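2 protein chains.
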Amino acid sequence: MTYANPDRNETINRLINPKSIAVIGASENFGKVSGRPLKHLIEKGYAGRVMPVNPKYEKIAGLTCYPSVDALPEIADLAIIALPAAQVCDCVRDLGGKGIRAAVIFSSGFGEMGEAGKALEKKLAETAEAARVILLGPNCLGFVNAFENVYATFSQYADGETGAGPIAFVTQSGAFGTAIAALIRQRGLGLGYFLNTGNQADLDFAELMMALVEDPRIKVAAGYLEGLSDGASLIRLARKCRDLGKPLILTKVGRMESGARAAASHTGALAVSDAVFDAVVRQYGVMRARNEEQMLDMMEVFCQPRRASGNGLGIATQSGGAGVMMADRAEEVGLAVPELGVKTQARLGEVMPAFGAAGNPVDVTGQFVARPELLTESVVALLDDPEIDVAIVWLQLMTAHVDALLEIFREIQERTQKPFLVCWVAAPEAAIKGLRAMEISVYPAGERAVEAAAALSRYGMLKPPGDDRVVSVINIAPEGSTGSGMQPSVEASNWLREAGVPMARVELAENEDSAVSLWRANGGPVALKIESPDIPHKTEVDGVILNVNDEDAVRSGFRMLVERTRHHMPEARLAGVLVQEMSGGHVELVVGVQRDPVFGMIVMVGFGGILVEVLKDVTFRRAPFNPNEAKAMLDELRMSAILDGVRGKPAVDREAIAALLSRLSHWASSMEPRLSELDLNPVLVGEDGPSVVDCVMIFEDRLTSMPDAGVDEPA
Amino acid sequence: MTYANPDRNETINRLINPKSIAVIGASENFGKVSGRPLKHLIEKGYAGRVMPVNPKYEKIAGLTCYPSVDALPEIADLAIIALPAAQVCDCVRDLGGKGIRAAVIFSSGFGEMGEAGKALEKKLAETAEAARVILLGPNCLGFVNAFENVYATFSQYADGETGAGPIAFVTQSGAFGTAIAALIRQRGLGLGYFLNTGNQADLDFAELMMALVEDPRIKVAAGYLEGLSDGASLIRLARKCRDLGKPLILTKVGRMESGARAAASHTGALAVSDAVFDAVVRQYGVMRARNEEQMLDMMEVFCQPRRASGNGLGIATQSGGAGVMMADRAEEVGLAVPELGVKTQARLGEVMPAFGAAGNPVDVTGQFVARPELLTESVVALLDDPEIDVAIVWLQLMTAHVDALLEIFREIQERTQKPFLVCWVAAPEAAIKGLRAMEISVYPAGERAVEAAAALSRYGMLKPPGDDRVVSVINIAPEGSTGSGMQPSVEASNWLREAGVPMARVELAENEDSAVSLWRANGGPVALKIESPDIPHKTEVDGVILNVNDEDAVRSGFRMLVERTRHHMPEARLAGVLVQEMSGGHVELVVGVQRDPVFGMIVMVGFGGILVEVLKDVTFRRAPFNPNEAKAMLDELRMSAILDGVRGKPAVDREAIAALLSRLSHWASSMEPRLSELDLNPVLVGEDGPSVVDCVMIFEDRLTSMPDAGVDEPA
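Chains as they are written, first to last, in the UniProt record's numbering: chain A, 1 to 715; chain B, 1 to 715.
Calculated from the structure, these hints are not laboratory results. Since this is a predicted model, take the numbers as computed values, not measurements. It is possible that some hints are incorrect.
[Stated by the list, open to error] Derived lysine-lysine pairs resembling PhoX-like cross-links, with alpha carbons at most 20 angstroms apart:
no.	chain 1	residue 1	chain 2	residue 2
1	A	Lys463	A	Lys246
2	B	Lys98	B	Lys19
3	A	Lys616	B	Lys616
4	B	Lys44	B	Lys32
5	A	Lys463	A	Lys649
6	A	Lys538	B	Lys98
7	A	Lys56	A	Lys32
8	B	Lys59	B	Lys39
9	B	Lys59	B	Lys32
10	A	Lys649	B	Lys538
11	B	Lys56	B	Lys32
12	A	Lys649	B	Lys616
13	B	Lys56	B	Lys39
14	A	Lys616	B	Lys56
Bound-form chain A, shown alone (with noise of 0.2 angstroms):
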């Protein structure tokens, strides 16, 4: 893929929204897949020109049916493809010699068939390159265009009414993403664009989607994928998505083992790590939704046009109990429940002299029907609070209420800048109808609000597009180094150490008076540690002793590592033993670097011992990242308040720490791809900071791919 040809972001506009369409294999029957885009085409109006092509036909509906691409009687811009899998690729090379650029494939029998597929899929691609003609699909739906009324598809979501609006909406699976587009007609939110990319043998989610953000008609874009291999494209979007202030909504199934299983049996793309995935995903900016309803209600609360900006949460409810069970969920997802202020609470005493307690959540009671300042007020109230940032309405039923409460709601409004959103449980359609009218969230369920509520926060809260970005790359390549696989000790502490991450100093002894020497230099106890380059885990061959402080300790232990090591593995290459000084520190950590094949340099840093065995308690980041962002890694470890000191323990330098992950960050970027894996483990935490006391390095055997940044190629 070259995402940055002129010539292939005009030939995507054109495929989105093309003068004409060739339909390669229309049927006359508009019940058939190749006969229903001809149906919408023609009944939805198209304004452009639809040519049909099949030699068994002189017209279908009126329109002259040709029999051949060749005799098209104008270049198309785009080609609807309705033939077996078997003609598919003899169609796209005369679609190229005819001068027709994009195509939509619905034909199936691809990459999604077995290897003969694959290698059918792989013969198609290469095809459309030489014949200079873009793909979607194949084994796709096609795609709606509802501004122009283009209905280069044949999902059933075209059956029905489909009026555009401020949604693009882009899916790797055909059946899901129907059911997620009549979701979003069915709750009249508006949608715009509708793709499927099917098998992605050209055109993918990421691209197309980079190319419909671009339409100011669009406001929120969404996508809903199962596989990835271009990381670098979706970060790329997810950046476009920031500068434009449009909100990036992406769900992808896979989260857990057993979902993996069957994704990887489902699908041909990639099944990237979840872990890593939804690590990057929100470094960059992306709301995630765990599942198609929650995807839909962030929708809902980024298409109407207010923004939060920051977590305070003000509650109005018409029931106690419904308060509570919102500040709970809440509290669970990241927003904050403030205590009013005096004065938001003196206004609501005014509103409520009744009711003494007017705290946060606010309970209304059911007496707003007969006294509609009640709810007004106290909205507006709530609202004007410094506090607040986003407002939550609770109400239900009010069946014969409908139109005094929109009229509240309107009056709201006006009278307000913040969001708010309404939970309405039970609520009459016209309700429902007449809230979204003037652009205000409703959600039949408090928990849902609240999660909506919160996403509107986080997006709020985003730090500006920017300043995730690279500020210096740190260039220390090791030069002189001795190639693929796992790196001396010593030098693999120096290029860390030269890029400015702490490592407990190290020399390697060839024999035992070089230790004895390196001991005297390090003036106080250090640590013997075997050094093999066939042995990345020296604990497994017993290889490390610790606090080693005078010269005879010094010399039998060089001899008892070096047995120890022979003993246990016989055949291991011996370069001598590491004398290293001894690092204190009362929280362990681990931290890596491992690279993903999606997405690259990945850091992770987590609690060691048995917390990272049980618990798993880690986080990643895409490197390089600024400190700022090392600092919410450490915010995310679910056993962070380890940082802050517990039983009696001082707290740690996290300032430290995250200068640590940043500069390792920079230095893993500049070794991409050269850098195949780092463990550092332990890294030992005291009140002096962070020190590397293990280290293990190891670079690509073979290089994949050429290194693009700046880094010499080993010998």
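With chain A held as given, fit chain B onto it using these hints.
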């Protein structure tokens, strides 16, 4: 409250199903609170006699209106009181005088309105008791018995269609309860009883529900709670529901800190610790729903007649992605998504020859529109697999194929016994109605269907009722103890040892010589600990010395502990120094007993040290319980894997820990209400089993009620 009163039970039954109703304070304005019950009773066709009481009218809507309670021509089974708060007590007295034994009180202005209101409510309760009138309310919406068309309510709910059905729903909140009732109607599940308890001045949630579940027309009991004061009564209800095989679904608000704060300001009911509530209700087989949506989803699955007997979930789906999402959620909520047996795979291969991977989830694709047997045979094969206990079928839209699909589901239903649920996203209304008419549960979102299936599975896998009862109460009462407050360590230790709890051996030395001989008698290293009735936490006065193993060390240790204590806490009374055998063990647990004001004796277990402080990895059960229940507690700990051995440590004996917990629970029960608190911290667990190293036992200062377990009172 005196539950076991047959007269009271009979009166409750007449309240719920009255043959005649007096409406005190009746209004001819059917829009008013005091007019609405009359309207509903007349319009919905209540068959009994309705007698309005109000000196202002001679007739209301054709019914004779009586000037006073005394003037009523017969003793009504039920009186509805719709009077101002100030007149309610007099009215209740009049009802008692007339011989009317049950009243529903709509009036507000009681416990919910500050101190004056609380006093009035107390007076109301006393008046009712003296007058032998049972009360529902005050400050309640009343109730609906939809079977007998009893509409003793002014709730908005009664405005709509209210066909009777298998659900009994009792709510402490009027507004939220009405919303839930309306949702039950929207789904067409059938609400037989709908009661709002209001302030519970007399009848509470559990006592009312106890009467409702006796009705054979009721299949599912559901409650919405905001607070709880009588835990024993709730447990009796839970046991009864299990005996009757009727699921009891509870939603209680106030799960989190901020929610609890809001609850405290909202309700007069005692804010029971949610962690304890959650553990105890699950212990007794209650199905807890976290919010109203989940409550409705559970109601729906329990309204269908089939039950699951294990946790194996089979998924048949039209979208691979939806299958993955459901498999993910299944793993999170305790369901397995097992691989299918060879036989099942062969059957699936027969119907879907084109698709190789016929795993679970089974992706039937959209082709079943043309070939219905694809769906039918797949689902039947899934349900026939011995590993599968419940299935979910995922569909979307299919507006044109509703009848065909209903026919498919009818055939599946005929050919199978196990439960299956349908998830139909963006379903046509006719599909939902058709499935519910066949008693098949249908959900609008995949994850919600999975959660419902998980509830069905959890319910089906509950241990049979009775399994959680005490087999034999160990009644070891510490006769001759020192009375209230903190108990001496040696005595406390002895009582627990006699009860079967493995305590580390400990003796009290009053002087150095005695300490030395106790050390000698121990025959190995000992711990020395200061003993004082004023010092529960010995480490806080630096009052513990470990691993003492020679005479000098014992003597100097004794002196040092006395000096340190005099330094840190000069006023503390010193009993001497404890000499305790040293215990080993690589796992550190904390075990505790608290006397919960609602549920009584609660046993807690968790991991000690940093894990209990930061992660709060603890779990609770109401005492007493058997070792199986104790093992379930260990399984619930998030760090449970530590017990299986990590980082080269051996596994510990879960049975031995479970025995400790169960024995402790029996002892704690036998000590109720005398024991107020007990901390066993740490409990060290090694290869030889657990050993309790430190124990703080506190008795009640003043007994708040008589002991009920045969325990002697302190002198």
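Now the hints, each set against the structure:
1. Distance restraint check for Lys463 (chain A) and Lys246 (chain A): the Cα-Cα separation of roughly 14 angstroms lies within the 20 angstroms cut-off, and the hinted pair is therefore satisfied.
2. Annotation: proposed proximity of Lys98 (chain B) to Lys19 (chain B) holds, straight-line Cα distance about 16 angstroms (limit 20 angstroms).
3. Among the hinted pairs, Lys616 (chain A) with Lys616 (chain B) is consistent with the structure: their alpha-carbon atoms are about 16 angstroms apart, no more than 20 angstroms.
4. A hinted pair counts as satisfied when its Cα atoms are at most 20 angstroms apart, and Lys44 (chain B) with Lys32 (chain B) qualifies at roughly 18 angstroms.
5. At most 20 angstroms may separate the alpha-carbon atoms for a hinted pair to count; Lys463 (chain A) and Lys649 (chain A) exceed this at roughly 33 angstroms.
6. Between Lys538 (chain A) and Lys98 (chain B) the CA atoms are separated by roughly 90 angstroms; this puts the pair beyond 20 angstroms, and the hint is violated.
7. The straight-line distance between the Cα atoms of Lys56 (chain A) and Lys32 (chain A) is roughly 15 angstroms, inside the 20 angstroms bound, and the hint therefore holds.
8. Taking the CA atoms of Lys59 (chain B) and Lys39 (chain B), the gap is near 14 angstroms; set against the 20 angstroms cutoff, the hint holds.
9. Pair hint Lys59 (chain B) plus Lys32 (chain B) holds up; C-alpha atoms about 17 angstroms apart against a cutoff of 20 angstroms.
10. As the CA atoms of Lys649 (chain A) and Lys538 (chain B) are separated by approximately 19 angstroms, the hinted pair is consistent with the 20 angstroms bound.
11. At most 20 angstroms may separate the alpha-carbon atoms for a hinted pair to count; Lys56 (chain B) and Lys32 (chain B) meet this at roughly 15 angstroms.
12. Only pairs whose Cα atoms come within 20 angstroms are accepted, and Lys649 (chain A) paired with Lys616 (chain B) is accepted, the gap being roughly 18 angstroms.
13. Restraint check: the Cα-Cα separation between Lys56 (chain B) and Lys39 (chain B) comes to about 18 angstroms, which is no more than 20 angstroms; the hinted pair holds.
14. Straight-line distance between C-alpha atoms of Lys616 (chain A) and Lys56 (chain B) comes to about 73 angstroms, which puts the hinted pair past the 20 angstroms bound.
Consistency with the previously given hints fails for numbers 5, 6 and 14, ordered from lowest to highest.
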